[in-house]
Amino acid sequence: MTRRDFMMLSTAGAVMGGRTSSCAATTEVSRSPAAGEIVKRDVPPRNRRPYTGLDWSKVIRVKTTTHGHCMNQRALDVYLKRGFGLLTLSNYYPSAPWWPLSKMTRNYWRLHHDHPVMVNGKRVDGPFDWNRIVASWKDTLDSNATAKNPTWAAKFPFVEGGKIFKPLPPGVLEAPNAEHHGFRLENGKWAGSLHICAPGSAFASGTFDAHDYAKTYSHGYHYGSGEFWGTAIDRMIAGLIHPDGGGVTINHPTWTKLDRELMLKILDYDPRVLGIEVIEDSGYNSENYWDWALSTGRQCFGFFVPDWHIDNRVFGVNVLCVQEKTVHACLKAYREGNFYGALNGLDELAFTRIAFDGMTVTAATDKPARFEVITARGVVKKEEGQEVSWTVEKEAPWQGPRHHIFARVKAYAVDGSEEVLFSQPFMLRNG
Numbered sequence: 001m002t003r004r005d006f007m008m009l010s011t012a013g014a015v016m017g018g019r020t021s022s023c024a025a026t027t028e029v030s031r032s033p034a035a036g037e038i039v040k041r042d043v044p045p046r047n048r049r050p051y052t053g054l055d056w057s058k059v060i061r062v063k064t065t066t067h068g069h070c071m072n073q074r075a076l077d078v079y080l081k082r083g084f085g086l087l088t089l090s091n092y093y094p095s096a097p098w099w100p101l102s103k104m105t106r107n108y109w110r111l112h113h114d115h116p117v118m119v120n121g122k123r124v125d126g127p128f129d130w131n132r133i134v135a136s137w138k139d140t141l142d143s144n145a146t147a148k149n150p151t152w153a154a155k156f157p158f159v160e161g162g163k164i165f166k167p168l169p170p171g172v173l174e175a176p177n178a179e180h181h182g183f184r185l186e187n188g189k190w191a192g193s194l195h196i197c198a199p200g201s202a203f204a205s206g207t208f209d210a211h212d213y214a215k216t217y218s219h220g221y222h223y224g225s226g227e228f229w230g231t232a233i234d235r236m237i238a239g240l241i242h243p244d245g246g247g248v249t250i251n252h253p254t255w256t257k258l259d260r261e262l263m264l265k266i267l268d269y270d271p272r273v274l275g276i277e278v279i280e281d282s283g284y285n286s287e288n289y290w291d292w293a294l295s296t297g298r299q300c301f302g303f304f305v306p307d308w309h310i311d312n313r314v315f316g317v318n319v320l321c322v323q324e325k326t327v328h329a330c331l332k333a334y335r336e337g338n339f340y341g342a343l344n345g346l347d348e349l350a351f352t353r354i355a356f357d358g359m360t361v362t363a364a365t366d367k368p369a370r371f372e373v374i375t376a377r378g379v380v381k382k383e384e385g386q387e388v389s390w391t392v393e394k395e396a397p398w399q400g401p402r403h404h405i406f407a408r409v410k411a412y413a414v415d416g417s418e419e420v421l422f423s424q425p426f427m428l429r430n431g
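For the sequence shown, this note's numbering begins at 1 and goes up steadily by one.
Bear in mind the hints are in silico, worked out from the structure with no lab data behind them.
Check before you lean on any hint, since a few could be wrong.
Claimed, not checked - Simulated pairs of lysine to any residue, SDA-like, Cα-Cα distance not exceeding 25 Å:
no. : residue 1 : residue 2
1   : K332      : P368
2   : K138      : Y213
3   : K381      : R370
4   : K163      : N72
5   : K138      : D114
6   : K265      : P45
7   : K122      : H219
8   : K410      : L346
9   : K189      : E160
10  : K265      : A376
11  : K58       : T326
12  : K410      : M263
13  : K138      : K189
14  : K81       : R313
15  : K332      : G297
16  : K382      : W292
17  : K103      : W292
18  : K382      : R49
19  : K257      : H309
20  : K265      : E287
21  : K332      : Q73
22  : K63       : E418
23  : K103      : Q73
All of these numbers come straight from a predicted model, not from anything done at the bench.
Please work from the sequences and hints to get the whole structure.
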């Protein structure tokens, strides 16, 4: 993909303004409160039966994550040492994909900023010549503050530096992603600490100057999205490099103390909002958010991420289950829910089967484990060994799928490695 193609993708969302919602319908027509225009498009619901049709005897496991920062070669080496086969690095500032890594240089986004920015409340297309822009008020800059800040990579005026990363090893795949922030609610108020990633999307937002060291925010240039979160999601979706793969994730709900009703609104906005982070920044566990969302009957995939904390053993890894190792196949695995989560992702334990035939949930691992089957009623089955099965009860009219709503499997290693695996959830009713 050429740089021109990349920038076309990153700005493609400029024409997207419609809102789609509901996890049941396949074609949606509705109105975005921010854009005010009607958009009709086909939107398949999130897959309520992940792993269906997956041939586990031919599965290739690709380790990756939907939210991991990487500012230098040392950090990249950590991901490679962990055995990552797909990189979707989620850097800011700006919220612009570091993709492909081979093009990234020191000060790259200060000198090659072509994506739009909200300026004094209006969306303005790039490019932005920051040297020229900042020069008009350079005498007001606090040189002491900028010199002490480690993210200020070079003194003004900005000069492009050398390559940041060495070439990737053969076979390591890359796809675009970025962590977006600075959204507004429908009423125009700020959406708190809402952060969103978009693995597979070339969409870019915001500026390099999140802390206003260069006084760009003081002069009206928004450091983040600056738009209604739904409009921003439309733009992320428009920037997907494969329309049937990848999507949007809601980041670290526990760390941000995300309002649960807002979480549901975002999940309902478009089925390509895939789900939320479950194991998140520095080991935070958001299973309570996950199970609460699932208990409403909404499919919600769970994601497992290190965020900034790449040196921790609790790392958060998504293990994609694909039949061929390509970027497209990996992004489709995200869209379809054909992946599972790992607490450490060090190959200490792996699922060899996860399935639901409409009545019985089954799972198996390559080594002995302690299994839990979890539904809206809590832990409904425990088992030790290399496999587990649980059949939805039918003893009473109020039980069955309506009673349990969803089922997911958790597997704990029993060899002392402390690895924990998390299947994606099965929704026990199709609609």
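I'd like to know which numbered hints this structure contradicts. Please list them from smallest to largest.
1, 9, 13, 17 and 21
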